[in-house]
Amino acid sequence: MTVVEAVNLSKRYGRTWALRGVNLVIEEGMVVGLLGPNGSGKSTFLRLLAGLSHPSGGEVKVLGERPGLATKKQVAFVPEIDHLYRWMRVRDTLDFQAGFYADFDPARGEELLTFMNLDPGARVYNLSKGQRARLKLMLALARQARLVLLDEPFSGIDPPSRERILQGILMAYRQDRTVIISTHLVGEVEKLFDQVVFLSQGEVFLAGEAESLRAERGKSIDEIFREEYR
Amino acid sequence: MSLLRLYGKEMRASLGDIIMVTAVIVLLEILAILNYDKPWSAALGVMVPMVGLPLYFLSTSFESIHREWNEHTAYWLLSLPVREEVILGAKTLALLSRFIILTLPAAIGIYLFFDKLIPVPFPPDFTSTYIGLYVLSWFLFITVIPIVFLAAVSRHAVQRWGWLVQALIFVGGFWAFGKVSAWLAGLLDFLPWLSLRVPGIMIGGPQRGITMASHGIPLSMVVSGLLVAGLIFYLAALLLRYRVEV
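Line by line, the protein sequences give chains A and B. Read left to right, the first sequence gives residues 20 to 249 (my numbering). Read left to right, the second sequence gives residues 6 to 251 (my numbering).
No lab work stands behind these hints, which were simulated from the structure alone. Treat the hints with care, as some may be off.
[What the hints assert, rightly or not] In silico SDA-like links for lysine to any residue, alpha-carbon gap of 20 Å or less:
1. A:92 to B:88
2. A:148 to A:101
3. A:80 to B:10
4. A:92 to B:10
5. A:80 to A:43
6. A:210 to A:226
7. A:92 to B:33
8. A:80 to A:92
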């Protein structure tokens, strides 16, 4: 089943094109690496999928529908930016999230809380950047969402937190779940990818199955990434 | 249920603010009542709340939208599977609750202040009229909130000149509100008038005391005002759904 379909998708901010003529199909059950340097359009693409931004041209469909109320029920989006209410406690963030999604799994939430090593009584403003990143991921992974969008989940995160996040993503793998991870830190996560999409200046210039690309070029995805963006 | 959850979130977010401002108002009113015979007491107990609170509520109404962007929580809020009308509805309810909580001590304080200041007894219908006018202020606030929301949301619907757009929509919103509700009131002219008693307060001179005068307001104006406020609220929700981005 097609989970994401972008046809000639474009997004413009003023005179700057953040995305230009993107054509992409992502099938169910894939872990997709959306790769590119800062400003290549990765976050814009994810925001369009999450329904937080509107295309300037072309079309995008998520689970067969234009991003909106219906798709938001099935999409879990974790932005790079800290988007949590800082006055909430960790427990409050879980409860708040649980209240809006029929697919929220409380048992899974508890399991992740322990795994991510977070104090349920701690205030968000007292958490370190790594802890906040783990909390954000936890909110997404505690749901049985069909599509999970992770925007730079490893950016600026300490190595122990990075490892936990990686483990968390692995734990959350399901055959009917699609995960799109945007990152410019390819090395540690490339083992997760089934498919990779390379973006540059808002355009897709390379996309395919991770394994085929590795075999074709005789290099790891990280090495291809470094070569392409040199 | 989503409305109640979002309302709870809004109320909890402003809890500290509510406690602090309520404490300040109570303190001002106590000071004014204890010093009712001093010339500055009316300024402290009546003028400060009557001028300060509307400005405060105007500012908090704008802030309730802008804070979501300033603190990046708009990413979370707008990715929730709820209609934009529910998001704005929860904010409206929370602002109205805050309005009632904060204006109640001011309304009681002002009443007690005049009771102390004016030696003659209040006219028999003064208390009920006073309560009626206080409740009327809630309805006035309800009609202002959608205009503020439309202006604040417009600021986030454009990529440049956001502040200017917000200011223009805010001023234009009031102008349009007046024009459209007056036109609509004309269509609803068949509705009856509501009798309204208006108190006149003299705090000095030989005619010191409270006089009551009978006036009336057409119900068509009240109904048309609420209908136009509802329309503006809906426009703000549509703008949030189709034009605003994070």
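The hints, checked one at a time:
1. Among the hinted pairs, residue 92 of chain A with residue 88 of chain B is consistent with the structure: their alpha-carbon atoms are about 12 Å apart, no more than 20 Å.
2. Taking the CA atoms of residue 148 of chain A and residue 101 of chain A, the gap is near 9 Å; set against the 20 Å cutoff, the hint holds.
3. Restraint check: the Cα-Cα separation between residue 80 of chain A and residue 10 of chain B comes to about 29 Å, which exceeds 20 Å; the hinted pair is violated.
4. Restraint check: the Cα-Cα separation between residue 92 of chain A and residue 10 of chain B comes to about 16 Å, which is no more than 20 Å; the hinted pair holds.
5. Distance restraint check for residue 80 of chain A and residue 43 of chain A: the Cα-Cα separation of roughly 10 Å lies within the 20 Å cut-off, and the hinted pair is therefore satisfied.
6. Using a Cα cut-off of 20 Å, the hinted pair residue 210 of chain A and residue 226 of chain A holds, with the two alpha carbons roughly 16 Å apart.
7. Our distance criterion of 20 Å between C-alpha atoms is broken by residue 92 of chain A and residue 33 of chain B, whose separation comes to about 48 Å.
8. About 14 Å separates the Cα atoms of residue 80 of chain A and residue 92 of chain A, which keeps this hinted pair within 20 Å; it holds.
Figure legend: structure checked against the earlier numbered hints; hints not met, in rising order: 3, 7.
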